[in-house]
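**Student:** Following the hints, position chain B against chain A.
Protein chains: 2
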Amino acid sequence: MKKTLLSISTFLLALTTANAQTDSVMLRKIFDEALVNGQVYENLRYLCKKIGPRLSGSANAQKSVEWGKKLMEGYGFDKVFLQEVMVPHWERGAKEQGYIIDGNKKIPVPICALGMAVATPAAGITASVIEVKSLAEVEQLGESVIKGKIVFYNRPFDNRFIETSGAYGGAGDQRRSGPSVAAKYGAVGVIVRSLTAANDDYPHTGTTQYSDDAPKIPAAAISTKAADKLSAMLKLRKFPQAKFFFKQSCRMLPDAKSYNVVGEITGTENPNKFITVGGHLDSWDLAEGAHDDGTGVMQSVEVLRIFKAMGIKPKNSIRAVLFMNEENGTKGGLKYAELAAANKEQHIAAIETDEGGFTPRGFSFEGFNAARVKEMNTRFKKLFEPYEADRLVNGGGGADIGPLKQTHPGVALIGFRPDSQRYFDIHHTPNDVFENVNKRELELGAAAIASLVYLIDKGGI
Amino acid sequence: MKKTLLSISTFLLALTTANAQTDSVMLRKIFDEALVNGQVYENLRYLCKKIGPRLSGSANAQKSVEWGKKLMEGYGFDKVFLQEVMVPHWERGAKEQGYIIDGNKKIPVPICALGMAVATPAAGITASVIEVKSLAEVEQLGESVIKGKIVFYNRPFDNRFIETSGAYGGAGDQRRSGPSVAAKYGAVGVIVRSLTAANDDYPHTGTTQYSDDAPKIPAAAISTKAADKLSAMLKLRKFPQAKFFFKQSCRMLPDAKSYNVVGEITGTENPNKFITVGGHLDSWDLAEGAHDDGTGVMQSVEVLRIFKAMGIKPKNSIRAVLFMNEENGTKGGLKYAELAAANKEQHIAAIETDEGGFTPRGFSFEGFNAARVKEMNTRFKKLFEPYEADRLVNGGGGADIGPLKQTHPGVALIGFRPDSQRYFDIHHTPNDVFENVNKRELELGAAAIASLVYLIDKGGI
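So the protein lines, in turn, are chains A and B. Using UniProt numbering, the letters of the first sequence correspond one by one to residues 1 to 461. Using UniProt numbering, the letters of the second sequence correspond one by one to residues 1 to 461.
Hints in this document: simulated from the structure, not taken from any laboratory. Please note: incorrect hints may appear among the correct ones.
It does not matter which identical chain is meant; a pair holds if it fits inside one copy or across any two.
Stated by the list, open to error - Below 30 Å or equal to it, Euclidean Cα-Cα: the simulated DSBU-like pairs (lysine-lysine) are:
no. : residue 1 : residue 2
1   : K374      : K313
2   : K133      : K29
3   : K50       : K229
4   : K79       : K184
5   : K225      : K50
6   : K229      : K49
7   : K381      : K29
8   : K225      : K29
9   : K95       : K257
10  : K374      : K29
11  : K344      : K273
12  : K458      : K308
Excised from the complex, chain A in its bound form:
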């Protein structure tokens, strides 16, 4: 009996080893396909250079929907369809202006309205500036200090974080909630130090979220160099000599009709079970939305292209989803989950790629406890090691796939994790252009994601 047990376990071990060998051969083929025949880079070039910025509700967003659909139809995926969704429609309007006013001197600063922000009066706002490092400081200073002023949030990134998303998370409340907190105490406007570790001349946009219990006041980001300059000036000069002026003419239009674009390779065994790979098709209006998130949507399409080119017939249905409206509403992500529930789809896993098209480091598994992370490492780490994409950790999945958590409890939500060092240098700036994407880094990311999809399709998660 003991002997039988032993030989069974030997058999199982042999089976596992054989499986791992097959898997490692498949992964090598997936990477070869991506690196030798990859189309993700040229697709990204088209999206960036022929379409360009594509904020929700814009004509370019519509163009990108139509092109994305055509692209996937051209690849001959089993299904390609649109999911209609109403999205917020915000427009920046004329280029913003901002000055540090130092007595008679006007020092122009690189500035841009925060996404979803309201306009200044046509003549702009001129006011005394109060510099703060946190929302709490505004609460503490209260109306007597804040009223009538422009609040200047100037807490920099904490550079000690190894992954820059930690620093972004730590500074982000200034942009998201800073304007409404300042408005509660009578501020007339808000300027925010750009959310980046870089010391440069680019203002970073990004959404602010007005709360219902405060007036909506104009809010803008200024470059980190300008923030340092303003802060230095405020140490030397006081009101009325020291003031700030800014002017912006952004506005909200009525919600617009738009779409998620979905491509699918239908599963041979479980057509109603889904593994989703997605990024967002919309992008900020200041540049081309290359790393944020042209790389993510083009990688998602590339995953299906690789499957098709290699003749992989997945057991479950694999979908590439080009989500609409991640930047200022996440309406596409919400719609995808809503329809998934309405259509009684079963969802196994969803992988989001929205942290840039940089060299892959691994994946983060949302809500996985230590034991389950360990299990992921036992199953997958060795396979991803040759591709240096073997960092498998607990962590967030992503904004667009997040709503599946509510509609499909138990779905595995997974974030693709590329190297994070350069992302916030260009994120939401005029620098987020095709030229700042490296072809091989982008291809390696697509291959890593395709590999994980392959493994999950084969062995579950």
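**Tutor:** For chain B alone, kept in the frame of chain A given last:
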């Protein structure tokens, strides 16, 4: 007895754990110092922007020696000194010219002489072109085909390599040995497809090595786009309609006197035992030598600066070595080993950083067998994991520390391994400039190297 053994092993385990905890605290402090107070980026800015290209024997190379010495003296290291060394002195001369000649059409191509190459006649060389993919192909074609022609080596990078150094290694013989092999069969000149995976308009220089048994013929690199264009043209047209023209006026001057620059923090216990960290101070003449290897020399200085700033008093002597002449002779590396032997220095380890200032991935240990690599991983992997620099593998140390192998058998030779994807896009091109270096990536690399030096100093290797 058993109990005693158990408690001893428990005690040892506790000791190891305590040690690991102390180490992890120290590494965190080293990274904080590099990320919060780092000076490596501003030092690199100076080297690139105030000094610039610094090929061995040039006036700029001498400037960089003087500045490097002054920089380290300013930091107050225990010793700062020069090591005199004679180096080859090659000059590019006037900007090269190259044309694809297609009948009456002259199509200009981006071209640059290979380092150490000879000039063409003043009027340039015009000849029929024979395209080959390998040195073996030239040998096979022989004199009847090769004689009087320009040989065009056009084997591209193999993109399947995950680390690009593999692709560089695989294509590099065309540049290094291609000219002399072609000359043996009577070729009048050689052009080489630039050693890069990038598809762009930049020619990549780099040393060619003339052998003694063949005439020295002019040799140059052309951009990958130009190589593709020439190859396409050669498929359509034959001699005499299809020709190539190039002209270069580079020359060898007499060997020049130059220096390695050495900074040292002297060991408290073993002043004559050394751990070396180094990169090379010389750089190609086409740009600023930012990633190759300004980042490496500035990281080496930063390691010592971090030690000093943190008040770490190493047991062994720690040296930062700015090697001269890695690009076209490695005379500095040879001199360092020669003097180390002559001065009866004991060398524990040497770490070279010469693969660019990109985000750190780990280290390669030269000649370490599987058991010793495993030991490195057991000791260090967990410590480097939080910094995503935990890839510890068998592999090369580096060209400048290599000569220590002969003089100091047993010394551990270690290569710093940053992410490799972008390196050969800019390596040896006009694009190797400060702007292409990311501050945080550079700082993280310096911290990773300082951490390894700290651990080796404390626990040996």
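**Student:** Hints first: check each against the structure and report whether it holds.
**Tutor:** Right, here's what the structure says about each hint:
Taking the shortest Cα distances, K374 and K313 sit within 30 Å of each other inside one copy (29 Å), while across copies they are farther apart (39 Å). In this homomeric assembly, K133 and K29 come within 30 Å of each other (Cα to Cα) only across copies, at 25 Å, whereas the closest approach inside a single copy is 51 Å. In this assembly of identical chains, K50 and K229 lie within 30 Å of each other by CA distance solely across copies; the values are 25 Å between and 37 Å within a copy. For the identical chains of this complex, K79 and K184 are neighbours neither inside a copy (50 Å) nor across copies (60 Å), given an alpha-carbon limit of 30 Å.
Taking identical chains as interchangeable, the C-alpha atoms of K225 and K50 lie at most 30 Å apart only when they sit on different chains, with a minimum of 22 Å there against 32 Å within one chain. Taking the shortest Cα distances, K229 and K49 sit within 30 Å of each other only across copies (23 Å), while inside one copy they are farther apart (34 Å). Taking the shortest Cα distances, K381 and K29 sit within 30 Å of each other both inside one copy (18 Å) and across copies (29 Å). Taking the closest pair of Cα atoms, K225 and K29 come within 30 Å of each other only across two copies (27 Å); inside a single copy the shortest separation is 47 Å, beyond that limit.
Proximity of K95 to K257 under the C-alpha cut-off of 30 Å is restricted to the intra-copy arrangement: shortest distance 26 Å within a copy versus 57 Å between copies. For the homomeric pair K374 and K29, the shortest alpha-carbon distances inside one copy (26 Å) and between copies (28 Å) are both at most 30 Å. Taking the closest pair of Cα atoms, K344 and K273 come within 30 Å of each other only inside a single copy of the chain (10 Å); across copies the shortest separation is 70 Å, beyond that limit. When the C-alpha separation of K458 and K308 is checked against a cutoff of 30 Å, the pair qualifies only within one copy, where the shortest distance is 16 Å, while the shortest distance between copies is 54 Å.
Checked against the numbered hints given earlier, this structure breaks only hint 4.
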